[in-house]
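**Q** Given chain A's structure and the hints, the job is docking chain B onto it.
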Amino acid sequence: MIPFWLIMAWRELRSAWRHFLYFLGCIALGVGAVVGVSLFSSNVERAVLKEARGLLGGDLEIRLSRPVGAAGSAVLQGLTERGILRTRVSELVAMVARVDRAHGAADVTQLVELKAIESGYPLYGIVRVEPDLPLMELLRQAGDSCREACHGAVVQESFLIRLGLVVGDAIKIGQASFRITGVIHTEPDRMANMFSLGPRVLISQDGLVAADLVKPGSRLRERHLLKLPAAMALSPLLRELQGRLSAESARLSSYRDAQPQLKQFLDQLARYLGLVGLTALFVGGIGVALSIQAFVREKLQSIAILKTLGADTKTIIYSYLGQAVGLGVLGSAVGIGIGLLLQAVLPQAVSTLLATDVLQQVEFTAVLSWTALAPLSKGLGLGVLTTLLFSLWPLLTIRTIKPAVIFRREVEGAIRPGVRPEASVWRRAIRVVTADPVRAVTAAGIGLGLAGLSVWQAGSLTIGGLFIGGLLVAVVALTVTAKALLLGIRALPSPRALSLRQALGNIQRPGGQTLGVMVSIGVGVMVILAIALLEQALVRQVGENRPNDSPTFFFVDIQPDQAEGFSALIHRRTGDVAPDLTPLVRSRLHAINGQAVTVERESEQEDQPSQSKEEKRKNWYVNREYVLTFLDQLPKDNRIVKGVWWKQGQVFPRAQVSIEEEAAKSLGIDVGSSLDLNIQGTIMRAEVSSIRKVEWGNFSTNFYMIFSPGALDGAPMTYVATVRVSPQDEVALQSAVVAAFPNVTAINIGEVLSSFARVLDRLSLAIRAVALFCLLAGALVMAAALAATRYRRLYEAVILKALGATRALIARSFAAEYAVLGCVAGVIGVFLASLFSWAILRYILELPWSLEPSLLGIGLGCTVLLTLVVGFLSTYRLLGQPPLTVLRHE
Amino acid sequence: MIATQHVTMQLAAGGQTVTILDDVTIDIPEKQTVAIIGPSGSGKSTLLGLIAGLDRPTSGTIWLNGVEITALGEQAMARLRLANVGYIFQSFHLIPTLTALENVSIPLELAGDSQAPKRAEELLHAVGLGHRMSHYPVQLSGGEQQRVAVARAFACRPPILLADEPTGNLDSSTGQQVIELIMALHRDAGTTLVLVTHDQHLAASMERVITLRDGRVASDQLASRHPRMPDQEL
Numbered sequence: 008m009i010p011f012w013l014i015m016a017w018r019e020l021r022s023a024w025r026h027f028l029y030f031l032g033c034i035a036l037g038v039g040a041v042v043g044v045s046l047f048s049s050n051v052e053r054a055v056l057k058e059a060r061g062l063l064g065g066d067l068e069i070r071l072s073r074p075v076g077a078a079g080s081a082v083l084q085g086l087t088e089r090g091i092l093r094t095r096v097s098e099l100v101a102m103v104a105r106v107d108r109a110h111g112a113a114d115v116t117q118l119v120e121l122k123a124i125e126s127g128y129p130l131y132g133i134v135r136v137e138p139d140l141p142l143m144e145l146l147r148q149a150g151d152s153c154r155e156a157c158h159g160a161v162v163q164e165s166f167l168i169r170l171g172l173v174v175g176d177a178i179k180i181g182q183a184s185f186r187i188t189g190v191i192h193t194e195p196d197r198m199a200n201m202f203s204l205g206p207r208v209l210i211s212q213d214g215l216v217a218a219d220l221v222k223p224g225s226r227l228r229e230r231h232l233l234k235l236p237a238a239m240a241l242s243p244l245l246r247e248l249q250g251r252l253s254a255e256s257a258r259l260s261s262y263r264d265a266q267p268q269l270k271q272f273l274d275q276l277a278r279y280l281g282l283v284g285l286t287a288l289f290v291g292g293i294g295v296a297l298s299i300q301a302f303v304r305e306k307l308q309s310i311a312i313l314k315t316l317g318a319d320t321k322t323i324i325y326s327y328l329g330q331a332v333g334l335g336v337l338g339s340a341v342g343i344g345i346g347l348l349l350q351a352v353l354p355q356a357v358s359t360l361l362a363t364d365v366l367q368q369v370e371f372t373a374v375l376s377w378t379a380l381a382p383l384s385k386g387l388g389l390g391v392l393t394t395l396l397f398s399l400w401p402l403l404t405i406r407t408i409k410p411a412v413i414f415r416r417e418v419e420g421a422i423r424p425g426v427r428p429e430a431s432v433w434r435r436a437i438r439v440v441t442a443d444p445v446r447a448v449t450a451a452g453i454g455l456g457l458a459g460l461s462v463w464q465a466g467s468l469t470i471g472g473l474f475i476g477g478l479l480v481a482v483v484a485l486t487v488t489a490k491a492l493l494l495g496i497r498a499l500p501s502p503r504a505l506s507l508r509q510a511l512g513n514i515q516r517p518g519g520q521t522l523g524v525m526v527s528i529g530v531g532v533m534v535i536l537a538i539a540l541l542e543q544a545l546v547r548q549v550g551e552n553r554p555n556d557s558p559t560f561f562f563v564d565i566q567p568d569q570a571e572g573f574s575a576l577i578h579r580r581t582g583d584v585a586p587d588l589t590p591l592v593r594s595r596l597h598a599i600n601g602q603a604v605t606v607e608r609e610s611e612q613e614d615q616p617s618q619s620k621e622e623k624r625k626n627w628y629v630n631r632e633y634v635l636t637f638l639d640q641l642p643k644d645n646r647i648v649k650g651v652w653w654k655q656g657q658v659f660p661r662a663q664v665s666i667e668e669e670a671a672k673s674l675g676i677d678v679g680s681s682l683d684l685n686i687q688g689t690i691m692r693a694e695v696s697s698i699r700k701v702e703w704g705n706f707s708t709n710f711y712m713i714f715s716p717g718a719l720d721g722a723p724m725t726y727v728a729t730v731r732v733s734p735q736d737e738v739a740l741q742s743a744v745v746a747a748f749p750n751v752t753a754i755n756i757g758e759v760l761s762s763f764a765r766v767l768d769r770l771s772l773a774i775r776a777v778a779l780f781c782l783l784a785g786a787l788v789m790a791a792a793l794a795a796t797r798y799r800r801l802y803e804a805v806i807l808k809a810l811g812a813t814r815a816l817i818a819r820s821f822a823a824e825y826a827v828l829g830c831v832a833g834v835i836g837v838f839l840a841s842l843f844s845w846a847i848l849r850y851i852l853e854l855p856w857s858l859e860p861s862l863l864g865i866g867l868g869c870t871v872l873l874t875l876v877v878g879f880l881s882t883y884r885l886l887g888q889p890p891l892t893v894l895r896h897e
Numbered sequence: 147m148i149a150t151q152h153v154t155m156q157l158a159a160g161g162q163t164v165t166i167l168d169d170v171t172i173d174i175p176e177k178q179t180v181a182i183i184g185p186s187g188s189g190k191s192t193l194l195g196l197i198a199g200l201d202r203p204t205s206g207t208i209w210l211n212g213v214e215i216t217a218l219g220e221q222a223m224a225r226l227r228l229a230n231v232g233y234i235f236q237s238f239h240l241i242p243t244l245t246a247l248e249n250v251s252i253p254l255e256l257a258g259d260s261q262a263p264k265r266a267e268e269l270l271h272a273v274g275l276g277h278r279m280s281h282y283p284v285q286l287s288g289g290e291q292q293r294v295a296v297a298r299a300f301a302c303r304p305p306i307l308l309a310d311e312p313t314g315n316l317d318s319s320t321g322q323q324v325i326e327l328i329m330a331l332h333r334d335a336g337t338t339l340v341l342v343t344h345d346q347h348l349a350a351s352m353e354r355v356i357t358l359r360d361g362r363v364a365s366d367q368l369a370s371r372h373p374r375m376p377d378q379e380l
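If you read the sequences in order, they're chains A and B.
With the numbering used here, letter number 704 in the first sequence gets 711, and the count goes up by one each step, no holes.
With the numbering used here, letter number 225 in the second sequence gets 371, and the count goes up by one each step, no holes.
Looking at chain A on its own, in the form it has when it is part of the complex (with noise of 0.2 Å):
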């Protein structure tokens, strides 16, 4: 026989079944807003870190300094049976002879960096060439129709500037000879580097091996890229193969590493995205609870019924949970199927909204992958969990209630059996819990249900704990507004106009709303806008390191009697002002404090896993090249912790050094110590006066060590320049600069920026659309779960009606009931906010915090509308109708 409370269900459902649908569309939009929310944002993460891997060309690289050895290569060899892909890099410096055309025999030499590739190059990001033809295409053998020139060879424009030649001529590199198949313009994997020796040659591996260069003892730098598949994490792999390489002396970093200020953006990217996807399940959370909420209200007096009739609690309990279950799981189905909706459609809404096409940009794909299903089941889990919560705990109660209570009380005071209103918060607390220990069992289980996902959702304990933190303090501050807000309603002469009169007397009527509403409002807005809040100090903060004064290019090695002329040069050429020259004497570290440091190992081996972390540091520092300048003025973006800078044309009995802070740490430099530099075999000692903090992102010359003005005198110099010029004239000026100084290298560093700035903007837009999808979202479920908890004041708004009142002032009452509460509550709101903003930009983000009153208001504003438009719109149309029609159903 089937069980009564499944007849019990269908027969509810059957005859009710529009109002069903009415809770379960508010219950799927909840859902609908995580499912939605969490999908577009890993869609968004995963665009913005694809972009971010072209920087690196791979998800990991493998660095070596010669060629791997056999038990790495069979390391290398089981990674393809794991399903990564993987590419070889090879970068050397090396010689390159232009073949007269004519004889055929080599001619002038140029000192070029040389990058050999195979197939799979590069694993992200694009290679710019010309013709835009296939990379490999371009780099293969050329087949019979080739006699000395074998292989492809792909250069850059000032190459071809350089030796005169163009696209179609031979060049020999090593013992192989080579023909120009096209010019780079841009490698998405080729950094920022002020010495560059020389421009770029790219070639494939078979070319390289023709080419017989790499010898025993070569300086070399192998690069192994790596693609891993979707599903497998990165940092697991990375220990797994520091620990696996270690024999090799092989450099492990991730994309992550490859630019440390784009890694800060990404990890605040990744949390900011975790908050997001938390204020989704709130606000998700909130509509679910509201909906159940009102769904087990209007079942109370059929319960009461029930009970009456003799129906024990179980068959009661069970009747109406599994009404609630299935509202709530067939709510959550239809919500994942929004949410799927919602991340195909809003994209486009996104772009749209924001005149931009971003989306497209960062190839943004509306895909399902497995990564989906953690969004779904996150969405059919809270669904199930918040019904769960939201219907459970009224309903257990209803096993202690006497029927008599149900049909006499109000419901409100139903809910809270045996527990006098006069008792402490504490004190009823500890009484529900002993009167009731199965109920608080089963809440609290659920509430850490709850908790869980949300430390689930946020991706990290801090920030799920922050934000549960935030929500009880929220709850407490607003239920304590609410009770003050109906005392002072109370305290209050009646107003004279009967809608307003009308409307505070709802406020504060037995039984109302009032609680619930405003903490719903409450907490609403104070996720959405804390979002709102963290966007703009993200985007704020993206905005400010993004290059946009930096140079274009770095001309390097400019001997110090072609200053002048190479200055005049570029005045001439530029219109600018003279360029910045700035001066650059390579040294090592010899002694500190009169101590010689020990140089234990080449740079390239440091990573030996025995040496603990900050060993393994100060050898670097140690061990490294430094390159020392000596300046009058402090430059941009230092600052000085320690110590003070010099006053200009102040003269020191020593040399002074400014020492940046990091290095000062790790080598145990203090203000007052003195070093002992090596500059090409000479010893020269000075005096750290100050430390200085660099900010390393800036995409300018920065030095680990500056001297005072003519400390230096004497010593082998260069300079180096910065120029920033127009896309369009960077070719001429190369050319010219290259004519007149043959011996500068220009290095093109316009290229690495934009694509760095490109990533930089697509990040903040992301940051941007996600915000503005989460609003949307949100706004439409607060706006729901409002309109479901009027749907119980309908009768009353009828027996007004009845009784004379037009329809416009029964909803001009409701809408002032409900701008009372949207404004008490939005204004609380709207603090919690900016607390909850602060605290999570303090703690998690680690950004500063700014007070953004315009912001605050338009929140405020816009929340009190939008309860207004809803108290208004959810009443208006249904007054419409005949008050007997209601009554008759009522």
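Bear in mind the hints are in silico, worked out from the structure with no lab data behind them.
Backbone N, C-alpha and C fix where the C-beta goes; we use that ideal spot for every residue, glycine too.
Some hints could be false.
Claimed, not checked - Label pairs and their computed distance ranges (CB to CB): (1) A:Thr486 to B:Ala158: 20 to 28 Å; (2) B:Pro263 to A:Trp24: 19 to 27 Å; (3) B:Ser318 to A:Lys321: 39 to 47 Å.
To be verified - One side only, chain B facing chain A, incomplete, derived with CB under 10 Å: (4) Gly199; (5) Asp201; (6) Gln221; (7) Ala224; (8) Val231; (9) Tyr233; (10) Leu240; (11) Thr243; (12) Glu248; (13) Leu256; (14) Gly258; (15) Tyr282; (16) Arg298; (17) Cys302.
Stated by the list, open to error - A partial selection of chain A residues facing chain B, derived with a Cβ cut-off under 8 Å: (18) Ser22; (19) Leu313; (20) Asp319; (21) Thr320; (22) Pro410.
**A** Just chain B, lined up with the frame of chain A:
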């Protein structure tokens, strides 16, 4: 059949304690028909609710069919009610989402009666609503709704039927029909019947009339035209 001893009911309202029933002791033998009358607020409905176990008195004891219900838990009370008590409300209290047939079926289904739908059908026929079985409460008139409620109250053939102003919401002729229905069912099943009413005429048709005033029993009279005496001394 029904006995109350020193039943007192107090409610806290607005910080004050209101005494609704004050030391009520009555004894109703099997098959007797009793009317409880009295002015509004005299505690009639509360007394009926207490007898049905819908609420618990502040002090005093109540016996139903030999069971001290004031000592029972909520669960046991529900089971006792299912087996022994039929209850009719002034405002019908049908479950709005169920049809007439289903509303009547519920007590039978709760009692695990496998013939529930068939029995419910018979009952609806008996109250003259055989043609409105699949109608929802909102589609029925007040009198029809109350007849459904009567059918529901009698569904499990309870030995006790309690009716709280069953005609209060009905016009006099409809009310009369409902009363006739209740009386007919009472005669057929030999049910003990207690009803609360304002209607003097209806009260007079009962074997015994208990008058409450300010929560106390003001008078307790056997109607003279009913010759049958109760078994106990009053």
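**Q** Please flag the earlier hints that this structure goes against, numbers listed from lowest up.
**A** none
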